[in-house]
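Visitor: Using the sequences provided together with the hints, build the complete structure.
Number of protein chains: 6
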Amino acid sequence: MGKRLMSEMTWMEVRDAVDMGEGVILPIGATEQHGPHMPLCTDALLSEKMALDVAKRSNLIVAPTVCYGFRSRPTTGGGQTFPGTTSVRGSTLTAIIMDVVKEFIRTGFRKIVLFNWHFENTNFIYDAAYNVMEDTKQEYPDVKLLIIETPFSKLKPETMEYVFEGQFPGWGIEHASIFETSVMMYVAPNLVNFSKAKDDQAEYYPFYDMLPIPKRITTESGILWKATLASKEKGEVVWKEICENLVNSVNMEFTRWEKEN
Amino acid sequence: MGKRLMSEMTWMEVRDAVDMGEGVILPIGATEQHGPHMPLCTDALLSEKMALDVAKRSNLIVAPTVCYGFRSRPTTGGGQTFPGTTSVRGSTLTAIIMDVVKEFIRTGFRKIVLFNWHFENTNFIYDAAYNVMEDTKQEYPDVKLLIIETPFSKLKPETMEYVFEGQFPGWGIEHASIFETSVMMYVAPNLVNFSKAKDDQAEYYPFYDMLPIPKRITTESGILWKATLASKEKGEVVWKEICENLVNSVNMEFTRWEKEN
Amino acid sequence: MGKRLMSEMTWMEVRDAVDMGEGVILPIGATEQHGPHMPLCTDALLSEKMALDVAKRSNLIVAPTVCYGFRSRPTTGGGQTFPGTTSVRGSTLTAIIMDVVKEFIRTGFRKIVLFNWHFENTNFIYDAAYNVMEDTKQEYPDVKLLIIETPFSKLKPETMEYVFEGQFPGWGIEHASIFETSVMMYVAPNLVNFSKAKDDQAEYYPFYDMLPIPKRITTESGILWKATLASKEKGEVVWKEICENLVNSVNMEFTRWEKEN
Amino acid sequence: MGKRLMSEMTWMEVRDAVDMGEGVILPIGATEQHGPHMPLCTDALLSEKMALDVAKRSNLIVAPTVCYGFRSRPTTGGGQTFPGTTSVRGSTLTAIIMDVVKEFIRTGFRKIVLFNWHFENTNFIYDAAYNVMEDTKQEYPDVKLLIIETPFSKLKPETMEYVFEGQFPGWGIEHASIFETSVMMYVAPNLVNFSKAKDDQAEYYPFYDMLPIPKRITTESGILWKATLASKEKGEVVWKEICENLVNSVNMEFTRWEKEN
Amino acid sequence: MGKRLMSEMTWMEVRDAVDMGEGVILPIGATEQHGPHMPLCTDALLSEKMALDVAKRSNLIVAPTVCYGFRSRPTTGGGQTFPGTTSVRGSTLTAIIMDVVKEFIRTGFRKIVLFNWHFENTNFIYDAAYNVMEDTKQEYPDVKLLIIETPFSKLKPETMEYVFEGQFPGWGIEHASIFETSVMMYVAPNLVNFSKAKDDQAEYYPFYDMLPIPKRITTESGILWKATLASKEKGEVVWKEICENLVNSVNMEFTRWEKEN
Amino acid sequence: MGKRLMSEMTWMEVRDAVDMGEGVILPIGATEQHGPHMPLCTDALLSEKMALDVAKRSNLIVAPTVCYGFRSRPTTGGGQTFPGTTSVRGSTLTAIIMDVVKEFIRTGFRKIVLFNWHFENTNFIYDAAYNVMEDTKQEYPDVKLLIIETPFSKLKPETMEYVFEGQFPGWGIEHASIFETSVMMYVAPNLVNFSKAKDDQAEYYPFYDMLPIPKRITTESGILWKATLASKEKGEVVWKEICENLVNSVNMEFTRWEKEN
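Residue numbers (my numbering), protein chains in the order written: chain A, 5 to 265; chain B, 5 to 265; chain C, 5 to 265; chain D, 5 to 265; chain E, 5 to 265; chain F, 5 to 265.
Be aware that a few hints might be false.
Since the list can't tell identical chains apart, any single copy or any two copies may satisfy a pair.
Unchecked claim - Straight-line C-alpha distance at most 30 Å; calculated DSSO-like pairs for lysine-lysine:
1. Lys7 - Lys148
2. Lys202 - Lys236
3. Lys158 - Lys202
4. Lys263 - Lys60
5. Lys219 - Lys160
6. Lys200 - Lys263
7. Lys141 - Lys158
8. Lys148 - Lys244
9. Lys158 - Lys200
10. Lys60 - Lys160
11. Lys244 - Lys141
12. Lys236 - Lys158
13. Lys60 - Lys158
14. Lys7 - Lys200
15. Lys60 - Lys200
16. Lys236 - Lys160
17. Lys7 - Lys236
18. Lys60 - Lys219
19. Lys158 - Lys148
20. Lys263 - Lys7
21. Lys148 - Lys219
22. Lys60 - Lys244
23. Lys200 - Lys141
24. Lys219 - Lys202
If you are wondering where the hints come from, they were derived from the structure by calculation, not from laboratory data.
Guide: This is the structure:
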């Protein structure tokens with residue numbers, strides 16, 4: 005039972021995985037600016053890497069990543085004015101996920117995890133999941149869907165202190181900044197050009213949004229906060245904490261669901 | 005400049021408002037369970053009432069409320085297993101808002117505020133707003149859209165202390181609980197049956213979601229936290245703080261936009 | 005069994021209504037110009053008020069009103085050139101109704117009435133109703149849908165004589181005129197500014213339609229016929245006749261359906 | 005200027021027609037039961053034949069007929085329980101018309117007539133027409149659309165008397181009955197099997213609709229009223245009156261529009 | 005078993021055909037330029053005529069033809085720059101076919117053939133067919149769909165030699181040229197103006213496509229190859245070979261399917 | 005000008021590429037069974053690798069691959085009965101491509117190549133491309149789209165002879181067989197388990213399609229023809245020929261387009 009990436013498996017290997025009772029996890033990311041020091045695939049890559057790490061410890065197969073996400077917003081991703089940011093409409097995102105999850109079900113999977121690493125995808129994923137359940141519940145009443153729209157809700161206080169050094173600005177603004185840069189340095193160091201990392205800040209970050217996007221609520225660099233405080237070591241700490249937490253949750257939930265049936 | 009509710013105005017009064025440079029605010033809510041003590045219209049009503057209070061101080065007309073929202077989720081609204089909760093698909097919500105905003109633009113409004121009071125509507129509203137801007141920017145390049153998907157991001161520390169008495173559980177879970185009950189007691193006391201308010205809690209509130217919805221992550225009552233700590237006085241304090249904040253934001257943003265053009 | 009407005013009920017009260025075998029009625033209206041003397045909400049308000057009057061005598065709960073309707077047409081509503089008229093595409097209207105009716109069914113309602121007061125909504129409502137039946141008939145074979153796209157087909161001859169005084173121009177053109185003004189004076193007198201009522205008329209009212217809309221087939225005021233002949237007394241007569249008729253129909257149909265099953 | 009049917013023309017002939025300033029008319033019908041004596045194509049055929057007769061006298065080309073219409077309704081077409089009736093969703097009908105009209109515009113037509121002979125298509129056609137105008141007005145500001153959703157609104161009193169012999173039941177119910185049978189006997193006698201014509205009637209014809217369709221509001225034969233009173237002579241009279249009326253309207257409207265520009 | 009065209013049958017005749025176990029065939033074509041010598045309906049007409057010839061020998065009813073097809077492409081149909089070519093979006097084509105096939109199923113047909121004569125419709129038809137099967141398989145598990153997106157894959161070598169005289173350019177380019185012109189001369193000679201037939205050729209025919217369409221990959225006439233080599237006799241030969249082949253396939257497949265059940 | 009993969013570039017690098025006049029190529033593939041010896045990502049991987057090889061010699065950036073394609077068909081991909089095959093509806097594929105191409109345009113790209121390696125995606129891609137051009141031509145009149153739905157139309161005769169050894173069965177059936185296996189052995193040898201390659205064949209391969217899918221028209225292994233004749237050397241020959249051909253086409257077309265403007 006070596007392979008975990010569905011893309012690299014043959015159909016027979018997938019069939020065998022289904023027969024063994026394995027589940028499937030769908031990484032969902034984005035193609036979005038992440039400052040001058042990180043690649044557009046940051047969200048897609050982090051989603052896929054974490055899904056893989058979780059999969060290894062949760063009896064899951066990792067499906068090909070949904071790499072185009074919903075439109076970037078100024079106060080959480082810089083917004084749609086950056087070249088390179090390549091987004092889809094909400095209805096498109098919902099359609100992809102619906103179709104793919106229905107195919108998982110046809111293939112035989114009954115434990116399905118949707119794993120997202122891009123704030124703006126929130127609710128579209130849930131919509132897709134709910135629609136699929138409505139459409140399939142009569143024919144496949146035993147499907148279980150775990151919808152993870154944010155990879156975590158909070159970190160341990162000591163982790164927060166270690167990572168942010170007292171300068172935590174809120175998760176929304178933490179785009180291409182300390183947290184994400186650290187994590188990328190840990191899992192994909194060759195894709196980070198740390199010499200270009202900088203600290204940046206919009207004039208202010210409103211709790212609302214505006215169109216057309218005024219310059220004052222986003223930054224020139226695409227970094228929304230401090231990136232220079234990042235380090236590979238910090239990345240490792242949070243990655244492992246998040247992963248551990250996810251593995252526990254996935255295993256616990258499917259176990260409980262099984263017992264309940 | 006008496007009337008504020010577009011529904012009660014004649015077309016000539018709306019035309020005159022446009023000619024005077026007034027804007028329009030669209031309240032967006034939901035029809036969703038709010039425990040045994042509050043009505044299904046809670047989100048729609050709060051959205052409309054707040055929009056009206058803001059409108060009076062920001063030169064805005066209040067459009068008819070979008071009273072059906074996106075699907076309720078267990079850890080923020082109890083979820084779609086409650087009878088009475090009456091939700092729409094995400095694509096439907098997006099469609100309504102798109103169409104209505106385009107009509108505002110045709111009518112002549114150039115300052116448009118989308119005001120939401122239902123967490124689950126997030127991103128669908130932004131999707132609608134973005135789509136409209138794409139579709140209309142050539143013909144109407146001077147439209148400004150303010151998209152307020154959450155009525156506030158935080159309250160003053162002293163307000164938090166006063167309202168929650170040290171027991172703040174996070175905003176998601178604060179459904180039909182201290183905050184919302186207090187606010188309803190202030191703005192619509194006749195719709196609150198406080199004698200039925202109770203404290204409740206799910207076994208746990210995960211940061212992810214599950215379908216089909218397991219009982220362990222929602223409550224029997226639909227109250228997700230402590231409702232008994234609510235009071236009209238608390239409601240008044242938070243209502244006024246939120247309103248004040250919104251009025252300042254709306255006025256400030258449109259003023260700055262105008263200056264920039 | 006006091007409350008009739010679903011919006012003001014708690015989820016438990018709705019559940020109890022379902023358990024008692026009650027049905028639900030969905031008022032569908034529009035936000036459309038109704039001359040210089042009546043508000044944009046006229047169709048939405050009349051739909052809701054009538055639904056409520058019917059509900060009280062037919063064991064129905066009144067759901068929140070669909071207040072944005074399909075595009076206004078020149079010869080029946082003045083058309084889409086009036087500011088303030090705020091309409092949605094047909095597909096949007098269909099989507100809202102489909103979603104909401106499916107939620108009624110999930111909630112447990114089996115007697116569902118769709119009640120419309122806006123000519124232009126015709127057929128979109130039926131499309132929605134038909135789609136829902138197709139989608140749900142396997143899981144919920146016992147749902148009954150009553151689709152009332154026009155509140156009545158004709159009035160008694162003596163009522164016609166009394167109301168129109170020999171000047172009945174056809175129902176299409178009767179927009180914001182004698183009939184509607186009278187009814188509004190009866191059910192919502194505070195929203196009618198009768199001093200602004202006037203008689204108006206397009207150059208002609210063709211049986212077809214045109215785009216872009218030529219001025220010659222609509223009026224400047226938005227009143228399509230004689231509004232000055234309206235009176236509260238007339239409104240009361242027709243309101244009661246329509247209501248009586250609807251109550252009889254609703255009760256008769258559900259009774260017969262029940263007997264047939 | 006011989007050919008009138010676009011389907012039989014070459015692309016060069018269409019191009020020449022456009023260059024001569026001719027317009028285009030799109031017949032819209034249905035595939036719907038019309039009793040035991042008339043074919044399913046009745047609405048499509050009548051729509052096409054009338055469009056052709058009008059086209060000959062109005063400088064129009066006749067486009068291929070939209071032969072699948074919106075769902076049949078019990079009190080105007082027998083309803084969707086009849087085998088053979090082959091209908092489309094409203095959104096499908098709207099989509100076809102939108103696409104086709106946009107192609108007319110790309111081809112160069114500026115005078116476009118939508119001509120319908122199937123009550124249930126109402127409003128979907130207008131929706132399509134309106135959408136097209138919204139989408140194209142910037143690029144093609146000179147397009148004129150005439151939307152004829154019903155072929156006529158009324159006939160001359162003497163015609164009514166002659167055709168119905170005092171037994172006119174209302175136009176909705178006049179399905180596969182005196183009027184339609186007469187017209188078919190005139191324009192397509194070989195498709196009418198008059199020996200199977202009969203008089204029929206539902207228990208009653210409500211002004212509302214019901215799903216699932218109860219037998220009591222439709223007929224067994226699909227004829228909704230008296231078909232035996234039909235005759236070819238009656239058909240000729242009404243056909244010519246309707247045609248004359250349409251020709252006058254089409255010519256008058258395009259002439260006035262031209263003058264106004 | 006006289007009539008074959010569903011459009012000319014009454015609903016009772018269709019019902020009887022269903023009761024006799026007959027199937028239905030849906031011709032799908034296009035409204036597309038076919039050079040200066042052939043009409044826009046060429047694909048629709050050939051589709052319908054062939055369907056009829058097949059139907060007579062396969063126990064099938066011929067449904068009304070889908071006469072608007074997907075967008076013409078330069079190297080297979082001349083492309084969307086020709087006036088007269090009147091196409092629909094892919095989603096529209098899929099919607100029509102889905103709706104119509106569902107109605108066939110409701111009517112009672114269990115053997116359904118989709119027969120296409122327009123290369124560009126490929127895959128949209130399959131999408132529609134697949135969607136219908138997904139939507140209906142629970143309620144109607146015994147439906148069989150034969151999807152014929154190209155009328156044949158190859159002709160006999162001797163036929164190829166006879167028809168093309170050694171100048172076969174590939175099927176894509178064979179638009180409005182030898183093959184199609186010959187066939188039209190055989191089945192609809194009155195619609196072919198052979199005196200206008202000519203030989204034509206683009207600068208080159210790439211295996212890819214381009215937008216906007218450059219003149220170099222299409223022709224001025226709309227004929228993509230040699231039309232002058234066509235003859236009625238050639239048309240008869242290929243028509244009969246194609247028909248024979250189709251009849252054998254249809255009969256063989258439904259027979260085998262029946263045996264397998 | 006080092007990086008070619010957009011996913012690995014920063015937004016600033018993409019902006020610079022645009023400023024240098026570079027174009028973008030979007031690989032489109034599928035997640036589809038490719039026999040017991042090749043992975044599900046075969047089409048996605050080949051599409052991406054070839055796009056990259058072309059990009060290096062054509063001044064293009066390679067966008068993230070669309071890795072879910074339209075539904076597999078029995079005679080070209082084995083069909084939708086294989087577990088692991090994970091497909092989307094046609095409308096979903098069209099939506100993704102539309103959205104992504106519009107973002108390319110917003111980012112500033114004017115030379116856009118859509119490159120597909122999955123037969124079933126045909127026409128959906130063209131539909132997307134055409135829709136985008138319609139939607140954007142007013143705002144961005146200088147966009148050029150090259151739509152490559154098949155990577156080649158034919159190979160040199162000597163290549164055909166070398167690769168197929170006289171056993172070429174037609175391109176459709178060449179799924180997971182000599183050609184594709186050879187190419188995969190050349191570009192991704194570690195993903196091919198050649199020891200599991202075998203020769204296989206359906207009872208027959210009809211030129212039409214059937215639903216539900218009968219076993220007789222597909223194979224058990226998913227290989228549709230002879231895979232054992234594949235070799236890395238053959239793969240290299242065809243890969244280089246295809247690549248050379250594509251590079252020439254892309255460079256030639258954009259050069260000519262530029263000259264024409």
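Visitor: Can you list which hints this structure breaks, lowest number first?
Guide: Numbers 6, 7, 11 and 23 - these are the hints that the structure violates, sorted from lowest upward.
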